[in-house]
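Colleague: Below are the chains, spelled out letter by letter.
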Amino acid sequence: MDPECARLLPALCAVLADPSQAVADDTCLEKLLDWFKTVTEAGSSLLLLQENPCLVDLLTHVLDLKPQNVSPRVLSFSLCLAGTFAAQEDCFEYLQQGQLLLGLFGEAGPLSWAAWSVPIVRSGWIRGLRSLAQHPSALHFLGDSGAVDALFSLQGDSSLFVASAASQLLVHILALSMQGKAAGSSSLQGSAWPACAQKIVDHVEACLCSTAAPQVTQALNVLTTTFGRCHNPWTEVLWGQLGPLVAHLLENEPIPAAHSLVDLLLSVARSGPRDMAVGGSSSPVFASADCGLWETTARMLSCLSPSQAGPLALGTLKLQNCPQALRSQAFGVLLQPLVCILRATAQAPGPPGVLDETTEGSSMTVDTLLSSKSACVGLLCQTLAHLEELQPLPQRPLHWPQTLLVEAAVIILKLCEGSVAPSSSEGGRLCGALAGCVRVQRAALDFLGTLSQGATSQELMLQVFAVLLETLESPASSPTVLKKAFQATLRWLLDSSLPPSSLDLGLPAPLFLKELFPVLQKRLCSPCWEVRDSALEFLTHLTACWGGEADFREVLLASEVPKLTWQLLRDPESYVRASAVTAMGRLSSQGLQAASESSGHLEVQQGLVGELLHILSVDSEGFPRRAVARVFTEWLRDSHADVARDTEWFVATVLPMVSRDLDWEVRAQGLELVQVFLAQTLGQSSPHCPYVVTLPKASPPSPLPEVLRTLCQLQVFDFAFRALFDCDRPVAQKACDLLLFLKDKTAPCSGLQEPGESSDVTSVEATLQRWQAGEQGQPLSTLEPKEVLAALRSMDLEGLQSRLAESSDHVEKSPQSLLQDVLATVAVLEENVADCY
Amino acid sequence: MVPGKTTLPMMPLGRGARRKNSQLPRRSRRQPAETGRRFLDLRSGEVDIKHPKVRHETVLPVRAPNLTMQYPQVQINHHYARLWTGHDFYPQFPSFATCSKELKECSGHVFVDSVPEFCLPETELIDLSTVDVILISNYHCMMALPYITEHTGFTGTVYATEPTVQIGRLLMEELVNFIERVPKAQSASLWKNKDIQRLLPSPLKDAVEVSTWRRCYTMQEVNSALSKIQLVGYSQKIELFGAVQVTPLSSGYALGSSNWIIQSHYEKVSYVSGSSLLTTHPQPMDQTSLKNSDVLVLTGLTQIPTANPDGMVGEFCSNLALTVRNGGNVLVPCYPSGVIYDLLECLYQYIDSAGLSSIPFYFISPVANSSLEFSQIFAEWLCHNKQSKVYLPEPPFPHAELIQTNKLKHYPSIHGDFSNDFRQPCVVFTGHPSLRFGDVVHFMELWGKSSLNTVIFTEPDFSYLEALAPYQPLAMKCIYCPIDTRLNFIQVSKLLKEVQPLHVVCPEQYTQPPPAQSHRMDLMIDCQPPPMSYRRAEVLALPFKRRYEKIEIMPELADSLVPMEIKPGISLATVSAVLHTKDNKHVLQPPPRPAQPTSGKKRKRVSDDVPDCQVLKPLLSGSIPVEQFVQTLEKHGFSDIKVEDTAKGHIVLLQEAETLIQIEEDSTHIICDNDEMLRVRLRDLVLKFLQKF
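Protein chains in written order, with this note's numbering: chain B, 1051 to 1887; chain F, 35 to 727.
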């Protein structure tokens, strides 16, 4: 601990011990605890207490004061602090000598105080114990003090945080007491559990046999955490002992704590592969085939309700070492709802193999789907989300029923649209439950989107495009549904096949485009800004991918879309304006901008640059201006024809606007633009990686002095120097990087400077210092290349770069500052009290 | 104009074609109308008041909004010769030569050429001259009022809110104006001959009660009808002859639209019709006051349950913008009040974003000016947001600003100023939405030939396909965006969960999915207990019985009562009084003091008038515990006692005395032969177990 903190510590302890001085802020105490933890981890706690007796005094004082006089916050803090110190065995012994720990954590301690009713105190007590439970002495202490029994009851605490912490502490104690036993697992085969562990195991056993669901849940939670954290041989013995009890729970009707049971089984199952990976041997829990885990899982999959079985099925499928039969069963559970939907709507339900596996339990699924609207919606959303999650994983089943899944997603979307008329009564009820259901629509569209990567027959693809078009067209589609529909459409368009021009005319994508564009046109005119925005984003992405394809260009240019996009540059909603800017930028890059009937191409293009400059200079919102800055940077980078025609004019026009912008992102983007410009005029900065292959430069850069002069004329340095002292750190960092790049590039020139010319730099430096002091209004005299070179050389840019790399609150985060803050807060509070009188 | 050649199709009031797709069948507005005719007969009741001083038969024809009262059936209505491009009908059907002048054919459809006629409200089921009160739910529901008040002998009172009356007047005025503007000499009647009608193609052959159809009323009749309306405000309690109290509540559908509570002291019936839970311009629907209803009569749900109004407004705006941007004109056939206010508000927010600021919007109706102005002055009937604007002070509706900035212009007709100001491309709102009369006909003629133009149907009352039929072939684009803000089935389900009426009564159509979409189980009312449904011309007994009647006790009589507590918290007292009943109010008055028996003659006369107030036998209460009763009997020397259980109680058999004591819940009988002493003894023993007062 640094001396300054040690000096402040007694005052801090005095403040905390004084009941009349309330510490206003909880977070201060938490930060203090973090700091003490860091300090104790770095050195001896005993030494710390001996050097700073005020700390023990604080704990003693808290204990001596009648607990009702101590604020619950300070009490909780003291408990945590004591635990932190006692984590080291010698310090534990030291504190025990004074019976301090027994007083704070024993049965006669907080448990009997009135403050115990405050959750934060109970939580502090558990956290304190969690910290100190690190060594055998602590274990004895826990056993003797009655803390374990208290933890049993705290598992059912009204505060979920306390209950969860209690459960986790029990697991920690169990693991701690088994720590020495891990090596000799055979010794555990009898009843040779250490006393503390035995107590916990007995309690868990008793709870598992209980008829009360909360008790069962508590026991399952403890076991879930245990198997999640501990992967030692004793866990196998534990599962061998408790597994049958867990399996026995399945015989109850209804199954108690089904969700916790699922978590436990997955936790046990997951504890295997990790061990395998680490140890290279088979997992302890899975070592014996008769451990019963897979049987229990299989039984659970068949007897849980479909919505409860879903997470178990997904979890099972994600496992690496799971028997194939169980995987098939689990996949069947996930597919069941979709198969039921297909059957009810009289669609062909996929290959027979899948069906056979899913017939079992399908009646239960149908019952759930038909029982109520909320059950149906809940199950379908869950199933679709699970399958969506499974789809990209390597563990997904080898026989992935792409056709069935696509058909199911299509039919679900049609049911949501109300556009399918099933003949069966089940189908009718499903239609009633799903018609107009936005939740299912969104889930189905997401899922359908992920299916775009699989191989799909042309016929089915037509169905997909038809349903997507129907959703995009429907007046009833909500903005969020439309957004998802656009996203799914994009994925299918881009993933389904090759670009349109390389396709035969008979294939779906080009035909679909012809139908899509009138819909897109309508959506661009939607009164709902979210829809206009989604449509513009869709257009941007599609153009980026297909902008060069003849078919696409033809359809796009024949439509009103480019004209409408242009009009949306003046949209009242800033997000839409921003998206329109990006879209127009993209269209223009591809030469797809609207061709006005009255004006030629050039006028249109100049009009677009003018329009974007207008937005950059006058738009009151940041988003459109940022979008313009990004588009301009892209144009410059891609040597857009209109920019390349007169790059200097372009940079000279844009820079004054971006440099004065109030939005830091626009300024940062402006620096990015300058960076691109410099790279083009001075050449790329030397690549960091020596193996990077760079293309030979098309034209050699201009001579350096000339370039520098141009940069001075364009006021690039003015902008960069100002940005160096920008109040927003990212801008300053970017400016610093930029100037360092310039310094690097201009290094060959610096030798040219003559010694007598350094006086000019003084005025530059003076201005820069004023800017640093916040006087940004101060103008910089017109710079000459020589002054710039001198200024670059004289500035400690490297130092500035490392200073900027530190987070802005690095000064305020020091422990000293923290202690001062706490003391200052109290002082302020005192002053306020005085003012009142 | 050549009257002989002007024909438009008969419109059997196809309200509510559902989808744009013409192949999809639809449920017409008329279906619920046909079965929706009901009246609540509040005469029946369990308490029969013998001699009311004033007797009123209170029959309240509480109509479904989609009855013929609401929308007169537009039979034939066309007056613009230049529109007609068809030819006479009879060459194809020689047998109809007799009525050949009445029947015309156009694009495969047959039409009747006649002066417009309207279908009247049902008159056979109920004699309207015996009706005392008519409650009007909203201005769309009162279009047939002049037919009732002026031609049926109706002498009762009509209740409605002020905006309902004012805007209803505008709608009727517009209708009369449209019809009278283009007079036509004769009505077609030959086709109504049943033998001819049944041979005609649909929809002519399916038209019902064609013989009762009448020509449009006059403004004079409208004024006379409206003068019979008594204005009411929301939550105002209106006593009807002491029998029931009616209260209008906001229904959220239109300015001044109402649901009605009809209640007595112990029964409550809610009549919910044409209601909306959406946030539009009217005051929100009052749901709270509908709670605790014995019966909720539910009607006037949306015509197009599958069309979400928000989505339709979006369609409307997008299509409008696309058309205008391409240099086309947009025609919106509409009523002069109602959804148009919301549309104008949407457009107010939309036109700038869509770059349509320079496009003129025209609203053409004989009542356009009044409608726009009326909407701004009914502040208390508007939603909260609009109400609060009034205090700023700002006009509640933004169309004021549209008018001020010349973006929206309104004209009474296409003649006069409009022809000078007319500029294209433009957007025109005008009537009539049936496309059979009104200025809309001119615009159909003017713009129908160009595919650049678009007609957008927003009113759900008419099938757009039938409306367009006589204009075929048509090049202009047709968009169907029906905006019906009334309750859909999901909203009904929420409403019923919230209000929890004991019983729901609704038209049969609402209890099953629409025939064309039989798989849509969501398009029906789903509630517990299942709703009671009714069909056309069916008289329904509401599922409650009047068991109680409130009777007032005069204070001096109440003073004289001496209650006796028979159970904790329950006290009883006997009352002797005279029941006075007048105007369905019942009052208990103290009986006149018995006159002194001065002479036999006088006393006799008094006793004729006043009930005999002799001392009454005490009333008994309580129950007889059989076991204790038997023990008591044994204590008093009875032996050989046998007890038998019966369905209603017990029989105690005193075998020796040959006596039977029958104990039931509300009576005890002692049956013994000729032993009065024994009977009295037993009676006294029984009485010991009972309380007297």
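Treat the hints with care, as some may be off.
[As the list claims (entries may be wrong)] Which residues of chain B face chain F? A few of them, derived with a C-beta cut under 8 angstroms, are: (1) 1468; (2) 1622; (3) 1625.
Hints in this document: simulated from the structure, not taken from any laboratory.
For clarity, every value in this text was computed on a predicted model and none was experimentally measured.
Backbone N, C-alpha and C define an ideal beta-carbon position, used for all residues, glycine too.
Colleague: Each hint: holds or not?
Modeller: Hints versus structure:
Using the Cβ-Cβ criterion of 8 angstroms, the hint placing residue 1468(B) at the interface with chain F is satisfied: the shortest such distance is roughly 6 angstroms. Given hint, residue 1622(B) at the interface with chain F, holds; its Cβ is 5 angstroms from that chain's nearest Cβ, closer than 8 angstroms. Interface hint status for residue 1625(B): violated, as the beta-carbon distance to the closest one in chain F is roughly 12 angstroms, over 8 angstroms.
Hint compliance for this structure: hint 3 is the single one not met.
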